[in-house]
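Read off the chains here:
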Amino acid sequence: MIQHNAIPRRTVIVTLIVGLLLTIMPLPESLDPFRPDWLALLVIFWAMQLPRTWSIGTAWIIGLILDVSQGTLLGQHSLAFCVIVFITVRFHLLMRVFPLPQLTATVFGLLAVYQFLLFWTNGVAGTHAASTVYWGPVITGALIWPLLVMILSGVRYQDRSGN
Amino acid sequence: MVTFRQENINPTRSPALGLRLLALIFLSIVLMYVDNRDNHLNSVRKAIGVAVYPLRVAVDAPVRFWSWLSDATTSHNELELELGRLRVERLLTKARLQRFNALEAENARLRALLDARSRVRDTVRVAEIMSVDANPFSHSLVINVGSRDGVFDGQALVDADGVVGQVIKTGLLTSQAMLISDTDHALPVEVNRNGLRTIAVGTGQIGSLKLPFVVNSADIRAGDLLVTSGLGGVFPAGYPVAVVASVTRIPHEPYANVSATPVAALGQVREVMLIWSAGAQGNPAENSPTAGQAE
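One line per chain: the protein sequences are A and B, in this order.
Note that our numbering gives residue 41 to position 41 of the first sequence, counting from 1, and the numbers run on in steps of one.
Note that our numbering gives residue 1116 to position 116 of the second sequence, counting from 1, and the numbers run on in steps of one.
No wet-lab data here; the hints were simulated from the structure.
Positions of the beta carbon are idealized from the N, C-alpha and C atoms, including for glycine.
Misleading hints may appear alongside valid ones.
Stated by the list, open to error - Which bits of chain A does chain B cover? Going by a derived footprint, with three or more residues having C-beta under 8 Å, they are:
(1) 11-21
(2) 38-49
(3) 81-94
(4) 105-115
(5) 141-154
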């Protein structure tokens, strides 16, 4: 695998801001449950690419920002983010050599863990939501993952050659 | 250019990572516990909320621009039609208002006779709904006013037809409101026809409320208008909420199965009115052009 010693911080931040924009963008009522977890996908991607520098603390702060912008319980998305980043960082070497279908299946699993944590914290806090809200994003997220990898890899190489 | 540096030690396998994870999980749980308990974290939420505000505006801007564009390019003909329709509507509303004024005067007189506390008019202010998606786990919306404009937690939101919801999280510049259709929302109502008091609970579907505590023998039927009773202390009394859609009486059950349809267009409103009822906290910007008296 290539060494990623020159990925500008700017690139990461820009993709995260775009992810947040996509997360709060309005969608029709019927499509809303199927909005992919853009930030979760991005966080997994960057944790896989930059496991040495991408700390779970950063993921935790991104989660906190998401909690505020969505009005969910403070700490709910933070918890889910730092857990999936931990798993990704631990197994990043394995995940990098996975062929794309297998990697997508792994991401599916990570997203399921993520949604389960949200479901669980919601349950403890006494918030009830339709079940589509939980499994919809997992499926669309896994479907969109290969595309996201392609786009982000492109962004990465462009930036590297630009410097 | 700032770049991520590579370190010599490999932090991905060190036990420190696991420890950090545990610490962060613990911190998250404490945060959630405190946030769920009471409002100690409001200032944290507000501070981060201000940072998120530009993003909300950025997402809202294209939608706003589109509606401005479609307004600007509407044909003269359509505008004239619309103007005519609005004139007729205004005439009808004013006619109804004349009677209302007389009734209000009569009501005040009767109340004075009965020595009852007279009702004070509510102050309202128009707020726009931002095209921003909020909490995926509940029915909520984001409005473009916050504590800077005098908005407070629990404030009632109505549209032209009836009650929309209440403010649940007040930010500095924007606030979040919960719709009455949310499963966690309950609203004290009364049947307008006979004053029967009950509670309307959200079902999680935008076009439906349920009334779980209506006894089988209660005098309620399809078509009845439900208005706020003012008992909860959050909503001022007398605002229309929903129309009873169906009443199913099950003989051996204590409560009837009653469902109602909200009169406010919950899924499609763009503007809402915030209500400051007399005696409530906060004050709308006095010199604001949109602040006014409820008629």
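Assertion that chain B covers the stretch 105-115 of chain A - criterion: three or more residues, beta-carbon distance below 8 Å
violated (count 0)
Taking a Cβ-to-Cβ distance below 8 Å as contact, does the stretch 81-94 of chain A have at least three residues touching chain B?
holds (count 6)
Report holds or violated for chain B covering the stretch 141-154 of chain A, Cβ cut-off 8 Å, minimum 3 residues.
violated (count 0)
Apply the coverage criterion to the stretch 11-21 of chain A and chain B: a residue qualifies when its Cβ sits closer than 8 Å to a Cβ of the chain, and three qualifying residues are needed.
holds (count 3)
Stated coverage of the stretch 38-49 of chain A by chain B [criterion: 3+ residues, CB within 8 Å]:
violated (count 0)
Of the numbered hints given earlier, the model fails hints 2, 4, 5; all others are met.
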